[in-house]
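Peer 1: Below, each chain spelled out in residue letters.
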Amino acid sequence: MPSFPLVDLLDRLRDRLGLEAVGGKIDPTRAIESADVNRPGLALTGYVEGFPRDRVQILGGTELGYLRTLPAGERPVALRHVCEQRVPCIIVSGGVPLPEGMEQVAGEFDVPVIQSARPAVDVIHEVSHLLDDELAPTTTVHGSLVDVYGVGLLLTGRSGIGKSETALDLVERGQRLVADDAVTIRRKADNVLIGSGNDLLRHRMEIRGLGIIDVQSIFGIRSIRAQKRVEVEVNLREWSKDDDYERHGLNTQRTEILGAAIEKVVVPIIPGKNVTVICETVAMHYLVKAYGYDPAEHFNENLLELMRRKANLAVLARDDTE
Amino acid sequence: MIEKEVVVKNYPGIHAHPAGLLVKLASRFSAEVFVTKEDMTVNGKSIMGVLTLAAETGAKLTIRAEGEDASEAVDAIVGLIESKFEEEQG
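First to last, the protein sequences are chains A and B. Following the numbering used here, the numbering of the first sequence begins with 99 at its first residue and continues without gaps. Following the numbering used here, the numbering of the second sequence begins with 10 at its first residue and continues without gaps.
To be clear, the hints were calculated from the coordinates, so they are not data collected in a lab. Predicted model, so just to flag it, every value in this text is computed and none were measured. Some hints here could point you the wrong way.
To be verified - Simulated pairs of lysine-lysine, BS3-like, Cα-Cα distance not exceeding 30 Å: (1) B/K13 - B/K46; (2) B/K33 - B/K13; (3) A/K371 - B/K69; (4) B/K33 - A/K286; (5) A/K362 - A/K286; (6) B/K69 - B/K93.
With the sequences and hints as input, model every part of the structure.
Peer 2: Okay, structure coming up:
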């Protein structure tokens, strides 16, 4: 299960949200495991059935207003309901003083408290965004990721089939390299896959027979890109008469990465075939379909219409025995 | 599927030269070879992949292979790493 250290959250959002840890230090081993945040309104009243205790708890205007309506002695009791769930941390938003008894109760259950100068909506937005990014499921895929006309193509295939060479050829034609060989893919909310390279390798690649080259220093800044949504997998395969390749294109193959489905195109490799042009065509074809025109579908409809007309005429001629 | 653990012994670790020896060796086998360090798994026949691991002296690696000659492949690679890449004379 991925986790994100609370100290890193504090560092990353300190300036933007005006964060400050109450009592100064935060235990560096403390980590957050849920990408969601929670407003513990109801829990303050003591109703903790189904309380999401693994989430960051954010106290906003509503919670703080409710606490103010309580008689002075009961405020720590309300806070105790939340703290005794041992939540990962509590953020008090709005730049207001801590509610009465907050420090003592939180200290008792060892719950870190952070104050923010910004209103709760901003805190929720920024914290969710950061956690969503950092806690997204991640995998490493063996392949090359290239931005081709704005479409993220993930080139896959066995070692030595020519993924890097195809990527290089695409870059030479003005496309942009995201990562070669080891592509890190994160699944963001709503099934969007984001691919990026590795900080160590950057935009270097191995070209067999030549060794390690640096794409950025050869082709310049316009030839690279830091990250890109992964939209189509192009699977390079040696041509085999037993393989079933798509011929008319009415069926779209799909594949899953981290549970998110993307389009998949299997391209058979034979000597003399221009894989680069095929890759560019895959990207443009994807765009054409995304804009609402499916050439295979359209062609087939025309064909069906033509055949219906001819068949109807034949029936007419046959029945016309006058 | 064959899998073995090995600890990197050469100093300072698997840099470009030893990585080259490792992928050359792995490429001689028809089995698919994977190298894992912590939560990162890379293709053992790809030099960029193996370099990405930045495996330093003392790092624990898992060598995994799938295919006909998987066990020979794993033994050969584990042997290479344990021999400190034959002091990188290969």
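Peer 1: Confirm or reject each hint.
Peer 2: So, going through the hints one by one against the coordinates:
1. B/K13 - B/K46: holds (12 Å)
2. B/K33 - B/K13: holds (19 Å)
3. A/K371 - B/K69: violated (43 Å)
4. B/K33 - A/K286: violated (36 Å)
5. A/K362 - A/K286: Holds, because 20 Å separates the two Cα atoms, which is no more than 30 Å.
6. B/K69 - B/K93: holds (14 Å)
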